[in-house]
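S.K.: Take a look at the letters that make up each chain.
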Amino acid sequence: MIGNNDKITKGQNAGLIIGSVFGVGILSLPSDLAKDFGSDGIMMLIIGSVLTILLVMIHTKLTLKFTGKTVVEIMDALIPKPIGVLFSIIFILFYIFSAASVVRISSEIVKMFLLQNTPLEVIIITMLISNVYIARKGIETIARLVQIIFPLAIIPFFILLLAIVPDLDFTNIYPIFQVGPMDIAKGIKVVMFSFIGTEIILISTAYLNDTKKVLRYNILSVVFLAVIYITIFIVVLTQFGRIQTMDLLWPTLFLMKTVDVPGTFLENVDGVVIGLWTFLTLQSLAIILMQGSVILSKSLKLKETNFMSMPLLPIIYILALVPENIAAAYEYIGLFSNYFGTAIAIVIPILLFSISLFKKKKGANKA
Amino acid sequence: MKRKDKEKKDQKQEEIEIPISKDLNDNIDKMKEILTDCDDVIYREFNVGKRQNYRFAIVYVDGLVDKKLVSEYVLESLMQVARDEIPNPRMVGNNLYDLSKEGNIPITEVKDLKCLKKAIDSVLIGETIVLLDGFKEVLFISSRGWPVRGISEPVTESVTRGPRDGFTETGKVNTTLIRRRIRDPQLKLKYKQIGVKSKTDVAIMYLDDVVDKNILEEVNKRLDDIKVDAILESSFIEQLIEDNWLSPFPQIQDTERPDSVAAALYEGRVALVIDNTPFVLLLPATWNTLLQAAEDYYGRWSAAFIVRMIRYVAVPLSLVLPALYIAITSYHPGMLPTQLALYLAATRIDVPFPAFIEAFIMEGTLEILQEAGTRISGPIGTTIGIVGGLVIGQAAVEAGIVSPFMIIIVALTTIASFSLPSFGIAAGIRLWRFILMVLGAVLGFYGIVLGLMVLLTHLVSLKSFGIPYMEPYSNIINDFYDLKDSIIRVPHKFMKLRPKYLRIKNRVRMDNSQKVNDVSSESEGENKDDRKQ
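Protein chains in written order, with the working numbering: chain S, 698 to 1064; chain D, 16 to 548.
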């Protein structure tokens, strides 16, 4: 029987990166950026994506040194065991917290736009159960799923954006270049948070069937994301203006409320957009659960890596229900997941990368 | 371990096999003992030679053999022609067997059989065996000839332009129809007998220089693993060898058209021609190949281009339309334009059921009608159509049980599902339509999205003989070439290479001397590589 051989192609890997980054972050990103930088958010996004590309290069270079090994095995090889265990725990905590925040925020959105009278718990439970089914299928299936879901969801979205273009007021972009270098340094974290998700490279590279030109694919996926982010930010800013964008919770979704496609069957396309967007969040949630499952089972040295997302479920469910409202959800779980995310996307890989450079030199000296 | 067991089993089987004794009567008695109460087996004993001193017997099944052939070329030549010859005692003697095999039976296929079990098996297939007194071997004479249905137009896959011959119930005829389309020594045909009792002939056909050997090996392995008493239809084999038998979607394609089989073989796929059924299996099959119809390649490309897209619109239509109706009417009426929403509400004002029940009644009725229409054809079938379509549909609306809008939805859904070339996929979609209706009723739009997500996950997780089911869509960045023959169909000149999804090495379909102005540089590079090999 030719079973699942758990191999993904370079294109599927790039798709996984895009699907993992493009989740709930994009909904609030324009208002966060507008709050701190106004239209200079465009510049910040460019700076952020350049930094992310550097980060992705480090991730890819690091994992390519260890073929067929995920970050857990790399940590085993490079650092003492207690620290490795600590890092693994940080990884798993990150996945739990970010899954909880994705679940809470997206179920709030579903409740607000689609199912006003349904209890939040029902939405969360159905979301988690269907996602466990997806995560259980493993990285190979999810990599293929992203290839289908992402174009299906994003192309209609951009077609709808075209309908707004005539209404846009591009004078809303001005004034530009208002922020100083210190503000940029302070605010860089907002942008970097929006690119959290690239750390999937640390896991997915192990499953590649061909590692030639992987770096190019990975960098292109970040560029693609940056282009989408900048487009959405510009459209939101020019549609609402800075002040209004700041006050909106999810400007990207409210943007769709303003869409009035001439001559279409549907009057309020926001329902459709929320539907399409739910595909994207479910996909990013599945990717998070899958990563958590891989890391957890690899740390426990289990052979089967696909079912370990199940023990995480109750924790995610409880955590997702802890905040009392959306604002609290953003403050607590969002914050936690962002700081853990910084640790695993920036601190740990750079540390591992420098150790690997050092060890290699040492090994070369010995030889 | 397994191999050892198998060897042991083979040895045992040989022991069971009955050796042929030198005595003719003994042999016939043994055969009669095994074939007790088989009145259609005919034994004919006769004497040969000028002095009538050699005893022969033929055994065959009445109705399965070509009687004219047996009497003219076996009996006549042995009984009459051989008698006229002046027997040379030195020549005859112990050479009687070889003499009759090589000199006296003018039939194309004659073989030796060394055990009685095999002789009985070949009698049951429709061959004739000749027993000779005093010899430990039996002559096998190919004489199959039973009534055969003529080649007619395939019922399930008709075309407006294209060949009109379809497969029949005879395996040999079917393989001939395929070989007529591929005059190449690389077309291989291997026979296997599957089914302990039915011993159905299964021919594995493939193009040796194109096919991926891993797939071929896997097919052989899975076929060998079948241990069942009878194969009555190709679907038995399909369900026994497919990757995921729990899935509602078929992972092996079936077709009645020899040209479709030939096209698949040229692409590097494997065909299983199974005796006693006009349906030939093609594997591996993907979602994409199951939605390709023969006519797509015979018509002009522009028409096929549009037809493909229509087909890909029909899939979501037949899948989610009733679910969307339920979700919109019960959860999100605000999505519709105000006028339409008001109209919808007005038509539903007399309907006593919630949208979910209404949709279920109509979809359920239609499923029953469809089932009744498939089982009964002819004049009663048209009555069913009239009663179902006109009376029930019209009356239900006039009685106010369902809204006219619902009837439109149901009709559209059914027509869309009939526009899919694969009945298997349409059946899978039918099942999922009901699941999505329930989800749409419980959780509205969100439920439909969850259901579609799970459905898509299931589809992408499927594999057909190691080939991902949703290829090329599930590997769109690296498999861009295959999109040429998927949701669209580009002109033949742009499909210079065989599709990529089968992972075959020999991909050149059209030589570079066939002038084409616009081919991507990547595919040209691959062309050169293939040439070198």
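Among the clues, some could well be false.
Here chain S is said to cover these stretches of chain D; the calculated rule only asks that three of the stretch's residues, wherever they fall, bring their Cβ under 8 Å from a Cβ of chain S [as the list claims (entries may be wrong)]: (1) 424-432; (2) 475-483.
In silico BS3-like cross-links for lysine-lysine, where the CA-CA straight-line distance does not exceed 27 Å [claimed, not checked]: (3) S:K909 to D:K133; (4) S:K704 to D:K116; (5) D:K133 to D:K228; (6) S:K704 to D:K499; (7) S:K909 to D:K45; (8) S:K910 to D:K515; (9) D:K116 to D:K132; (10) S:K778 to S:K1056; (11) S:K834 to D:K236; (12) S:K910 to D:K520; (13) D:K236 to S:K704; (14) D:K132 to D:K65; (15) D:K151 to D:K187; (16) D:K126 to S:K704; (17) S:K704 to D:K228; (18) S:K762 to S:K778; (19) D:K47 to D:K116; (20) D:K214 to D:K132; (21) D:K45 to D:K187; (22) D:K520 to S:K909; (23) D:K515 to S:K834; (24) D:K133 to D:K242; (25) D:K132 to S:K909; (26) S:K910 to D:K47.
For the record, the hints were derived by calculation from the structure and aren't laboratory data.
Small disclaimer: the values here were computed from a predicted structure and weren't measured.
No residue lacks a Cβ here, since even glycine has one placed at the ideal position from N, Cα and C.
S.K.: Decide, hint by hint, whether the structure agrees.
M.R.: Results for each hint:
no. : hint              : result
1   : 424-432           : violated (count 0)
2   : 475-483           : holds (count 6)
3   : S:K909 to D:K133  : 57 Å, violated
4   : S:K704 to D:K116  : 59 Å, violated
5   : D:K133 to D:K228  : 32 Å, violated
6   : S:K704 to D:K499  : 25 Å, holds
7   : S:K909 to D:K45   : 69 Å, violated
8   : S:K910 to D:K515  : 20 Å, holds
9   : D:K116 to D:K132  : 20 Å, holds
10  : S:K778 to S:K1056 : 16 Å, holds
11  : S:K834 to D:K236  : 26 Å, holds
12  : S:K910 to D:K520  : 22 Å, holds
13  : D:K236 to S:K704  : 23 Å, holds
14  : D:K132 to D:K65   : 32 Å, violated
15  : D:K151 to D:K187  : 31 Å, violated
16  : D:K126 to S:K704  : 51 Å, violated
17  : S:K704 to D:K228  : 20 Å, holds
18  : S:K762 to S:K778  : 20 Å, holds
19  : D:K47 to D:K116   : 24 Å, holds
20  : D:K214 to D:K132  : 14 Å, holds
21  : D:K45 to D:K187   : 31 Å, violated
22  : D:K520 to S:K909  : 19 Å, holds
23  : D:K515 to S:K834  : 25 Å, holds
24  : D:K133 to D:K242  : 20 Å, holds
25  : D:K132 to S:K909  : 59 Å, violated
26  : S:K910 to D:K47   : 73 Å, violated
Of the numbered hints stated above, those contradicted by the structure are hints 1, 3, 4, 5, 7, 14, 15, 16, 21, 25 and 26, listed in ascending order.
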